[in-house]
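As they're listed, the protein sequences go chains D and R.
Residue numbers for the first sequence follow this note's numbering, beginning at 1 and rising by one.
Residue numbers for the second sequence follow this note's numbering, beginning at 1 and rising by one.
It is worth saying that the hints were derived from the structure and are not from the lab.
On a predicted model such as this, the values are computed, not experimentally measured, just so you know.
Treat the hints with care, since some could be wrong.
[To be verified] Distance ranges between label pairs, derived from CB positions:
#, chain 1, residue 1, chain 2, residue 2, range
1, D, Ala27, R, His28, 41 to 47 Å
2, R, Val8, D, Gly273, 55 to 61 Å
3, D, Leu68, R, Ile166, 53 to 59 Å
4, R, Leu155, D, Ala103, 57 to 63 Å
5, R, Gly112, D, Cys3, 43 to 49 Å
6, R, Asp134, D, Pro358, 38 to 44 Å
7, R, Ser153, D, Gln311, 48 to 54 Å
8, D, Met338, R, Asp134, 24 to 30 Å
9, D, Val292, R, Asp134, 35 to 41 Å
[Said to hold, decoys possible] Short, incomplete list of chain R residues facing chain D, as computed with Cβ under 10 Å:
#, residue
10, His28
11, Phe31
12, Arg168
[To be verified] Residues of chain D clear of chain R, computed beta-carbon distances all greater than 10 Å:
#, residue
13, Gln55
14, Pro65
15, His118
16, Ala132
17, Val161
18, Ile238
19, Ala351
From the three backbone atoms N, C-alpha and C, an ideal C-beta is built for every residue, glycine too.
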Amino acid sequence: MDCTGLCETLFRGGLDQGIAQFISLLAGVLLVSGVPLVTVIFLIWVERKIAARIQDRLGPNRVGPFGLLQTFADLIKLLIKEDITPTAADRLLYNAAPLVAFASVVLIWGVIPYTPYHFGADLEIGVLYMVAVASLGTLAIMTAGWASNNKYALLGAFRVVALLVSYEIPMVFALLVPVMLAGSMSLLEIVHAQGGMWFGIMAPISAVLFFISAQAETGRAPFDLIEAESELVAGFNIEYSGMKFGMFFAAEFLHVFTNAILLVVFFFGGWYGPLWQEPLIAFMWLGLKASVLYFISLWIRNTVPRLRIDQVMWFNWFRLVPLSIANVLVIATVVKIMQLLNLAPRNLIGASFGEVLPLTLVLLLANIAMGLIIVGQLRTAGQTARVAAENRASVRAAIGD
Amino acid sequence: MEITIVTVAFIVFALISLGGAIGVVTCHNLFRGTIWLMVSLFGAAGFFVLLSAPFLAAVQVLVYIGAIAILFTFAVMLTRSISNLKTRFTRLNINIAAAIALFVLLVVGVIGPVFILNPDLQQPVSSVTRTTIDLGEAFARGNSFALPFELASLLLTAAMIGAIVIARESDDEV
Numbered sequence: 001m002d003c004t005g006l007c008e009t010l011f012r013g014g015l016d017q018g019i020a021q022f023i024s025l026l027a028g029v030l031l032v033s034g035v036p037l038v039t040v041i042f043l044i045w046v047e048r049k050i051a052a053r054i055q056d057r058l059g060p061n062r063v064g065p066f067g068l069l070q071t072f073a074d075l076i077k078l079l080i081k082e083d084i085t086p087t088a089a090d091r092l093l094y095n096a097a098p099l100v101a102f103a104s105v106v107l108i109w110g111v112i113p114y115t116p117y118h119f120g121a122d123l124e125i126g127v128l129y130m131v132a133v134a135s136l137g138t139l140a141i142m143t144a145g146w147a148s149n150n151k152y153a154l155l156g157a158f159r160v161v162a163l164l165v166s167y168e169i170p171m172v173f174a175l176l177v178p179v180m181l182a183g184s185m186s187l188l189e190i191v192h193a194q195g196g197m198w199f200g201i202m203a204p205i206s207a208v209l210f211f212i213s214a215q216a217e218t219g220r221a222p223f224d225l226i227e228a229e230s231e232l233v234a235g236f237n238i239e240y241s242g243m244k245f246g247m248f249f250a251a252e253f254l255h256v257f258t259n260a261i262l263l264v265v266f267f268f269g270g271w272y273g274p275l276w277q278e279p280l281i282a283f284m285w286l287g288l289k290a291s292v293l294y295f296i297s298l299w300i301r302n303t304v305p306r307l308r309i310d311q312v313m314w315f316n317w318f319r320l321v322p323l324s325i326a327n328v329l330v331i332a333t334v335v336k337i338m339q340l341l342n343l344a345p346r347n348l349i350g351a352s353f354g355e356v357l358p359l360t361l362v363l364l365l366a367n368i369a370m371g372l373i374i375v376g377q378l379r380t381a382g383q384t385a386r387v388a389a390e391n392r393a394s395v396r397a398a399i400g401d
Numbered sequence: 001m002e003i004t005i006v007t008v009a010f011i012v013f014a015l016i017s018l019g020g021a022i023g024v025v026t027c028h029n030l031f032r033g034t035i036w037l038m039v040s041l042f043g044a045a046g047f048f049v050l051l052s053a054p055f056l057a058a059v060q061v062l063v064y065i066g067a068i069a070i071l072f073t074f075a076v077m078l079t080r081s082i083s084n085l086k087t088r089f090t091r092l093n094i095n096i097a098a099a100i101a102l103f104v105l106l107v108v109g110v111i112g113p114v115f116i117l118n119p120d121l122q123q124p125v126s127s128v129t130r131t132t133i134d135l136g137e138a139f140a141r142g143n144s145f146a147l148p149f150e151l152a153s154l155l156l157t158a159a160m161i162g163a164i165v166i167a168r169e170s171d172d173e174v
């Protein structure tokens, strides 16, 4: 490994080369991992304020200007709470579960490219790594539910694991589309391949599929039966209090923002923006786009009611999985035909806007066609449901109920 | 034999795998046993990385730890009395002796002549990291692994259909 920059400065200052390399690597790691950890502090405030405004109230506004220091107040409160472990709980697993849950979210940030030159690691299997690490969170929730030695926590954990494992399937199928279009699983190359045209314009249905399954993966409304706050009193983390609960809490909030950033990286151009393209401005574009998508996810969370577990499962297995498979098949066929007809570049990395335009238009047409079919089926399903409901109502009225 | 970072990594992953395996068979609590199993599978994923197969390492974590081990956990939780198993297998000594004898036989008869005594096989594993593209081409090329790939997917489909048929509730109206 060549020793440049901070490493070289330290080396010329007299440190041993190995130690200089270690310190410069450590500084890089701290910078890369500092971004999610600092973001989560700000995110909690954003979430509470926006939720409050949508619900026609003010939100935290006492602690600090506009309530900005509310997160710190909550943090201090959680830290000074008593560290309770239930008597019959499995001590080691009970204490380790929140750590694994938080780690599984922060580990995803290791592969996200902030700019063309600043990223944690450019793994060749970036997408697969991301999905594998996210599945560790499932494990943590299962362990938390069991180790609490509480049958309600266990039931909550069962439902959560069923939900999370089921919604990984449409998420992975939706992620196959950017991987196919970019020709690589590395997130850096996927963003580079969007220089000509964003994948969200080439394949909007995949973006919507990924958004829906990511919402379900993190347990956001309408899928927030994981910890339905007003009903189950927190589901699998009933027995957790203090900082351990704080870890689950922070992990969930960070996971939603992680999904927003992943949506931008995979479908909405990553760091590409319309005007300036310097690396730091690129980072700002990434953050801006991710914030817009995060706001949309918050908006949906505070607007729609909750679904039941059987409705959620039915929706996944009867609607999302067939749709995502059909989506991958259609897009693969269209892309291959276009490449055989020499209308689309073989390698999207470095392709310009004009080269990608025919492929974009054809894919957009295919997506619109699929979208019309889906909307038509939704309409017929809605009509049959309405007719059935009216029949039931008229039968009851005829009986004289 | 020089101690490089690869050797250290190998020792670490070997300790994780074997430690997890020992934890699985000696733990009194079945749920903790499945957690130890996940630790052991992590060690196997580490070995895949050392063998220049990062794709397989990620797939190992995703499939084994993220799905199969969770299935094990569900199965364990649906059995009764999984903590503090009281019955002990009393004729342990003869089994320990048989296991050690088998291990010695394996080392002397198979691993010794093949790996230790044969210097050709003591080279490091390929320093060329095959990419995922190579793996994909190996699966898709007709003269490569396409047929085993298709047979494996046929097997998986048959297993899934069988599972659905077995687990289906019997509808009397159908």
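Quick rundown of the hints versus the structure:
For the pair D:Ala27 and R:His28, the beta carbons lie near 45 Å from each other, so the given range of 41 to 47 Å is met. In this structure, R:Val8 and D:Gly273 break the distance hint of 55 to 61 Å, their C-beta atoms being roughly 44 Å apart. In this structure the supplied range 53 to 59 Å holds for D:Leu68 paired with R:Ile166, their Cβ-Cβ distance being about 57 Å. For the hinted restraint 57 to 63 Å between R:Leu155 and D:Ala103, the CB-CB distance of approximately 35 Å leaves it violated.
In this structure the hint that R:Gly112 and D:Cys3 lie 43 to 49 Å apart at CB holds, the actual value being about 44 Å. Evaluation of the 38 to 44 Å hint for R:Asp134 and D:Pro358 yields a failure: the beta carbon distance comes to about 30 Å. A hinted range of 48 to 54 Å for the beta carbons of R:Ser153 and D:Gln311 is inconsistent with their spacing of about 31 Å. Distance hint check for D:Met338 and R:Asp134: the Cβ-Cβ separation is about 25 Å, which falls inside the suggested range of 24 to 30 Å.
Restraint check, D:Val292 to R:Asp134: a C-beta distance of roughly 39 Å satisfies the suggested window 35 to 41 Å. Interface hint at R:His28: violated, since its Cβ lies 12 Å from the closest Cβ of chain D, which is beyond the 10 Å cut-off. Taken as an interface hint, R:Phe31 checks out: its beta carbon lies about 6 Å from the nearest beta carbon of chain D, inside 10 Å. At about 14 Å, the closest approach between the beta carbon of R:Arg168 and any beta carbon in chain D exceeds 10 Å, and the interface hint on this residue is violated.
Taking the minimum C-beta to C-beta distance to chain R, about 36 Å, the non-interface status of D:Gln55 holds against the 10 Å cut. With 10 Å as the threshold on Cβ separation, the claim that D:Pro65 sits away from chain R holds: the shortest Cβ distance comes to roughly 44 Å. For D:His118, the non-interface assignment is confirmed: its Cβ lies about 22 Å from the closest Cβ of chain R, beyond the 10 Å cut-off. Residue-level check failed: D:Ala132 sits 4 Å from the nearest beta carbon of chain R, not beyond 10 Å.
The beta carbon of D:Val161 sits about 6 Å from the closest Cβ of chain R, which is not more than 10 Å, so the claim that it is off the interface is violated. No Cβ of chain R comes within 10 Å of the Cβ of D:Ile238; the nearest lies about 17 Å off, and the non-interface call holds. Against chain R, the non-interface label of D:Ala351 holds: every CB pair exceeds 10 Å, the least being about 19 Å.
Comparing the model with each numbered hint stated earlier shows that hints 2, 4, 6, 7, 10, 12, 16, 17 do not hold.
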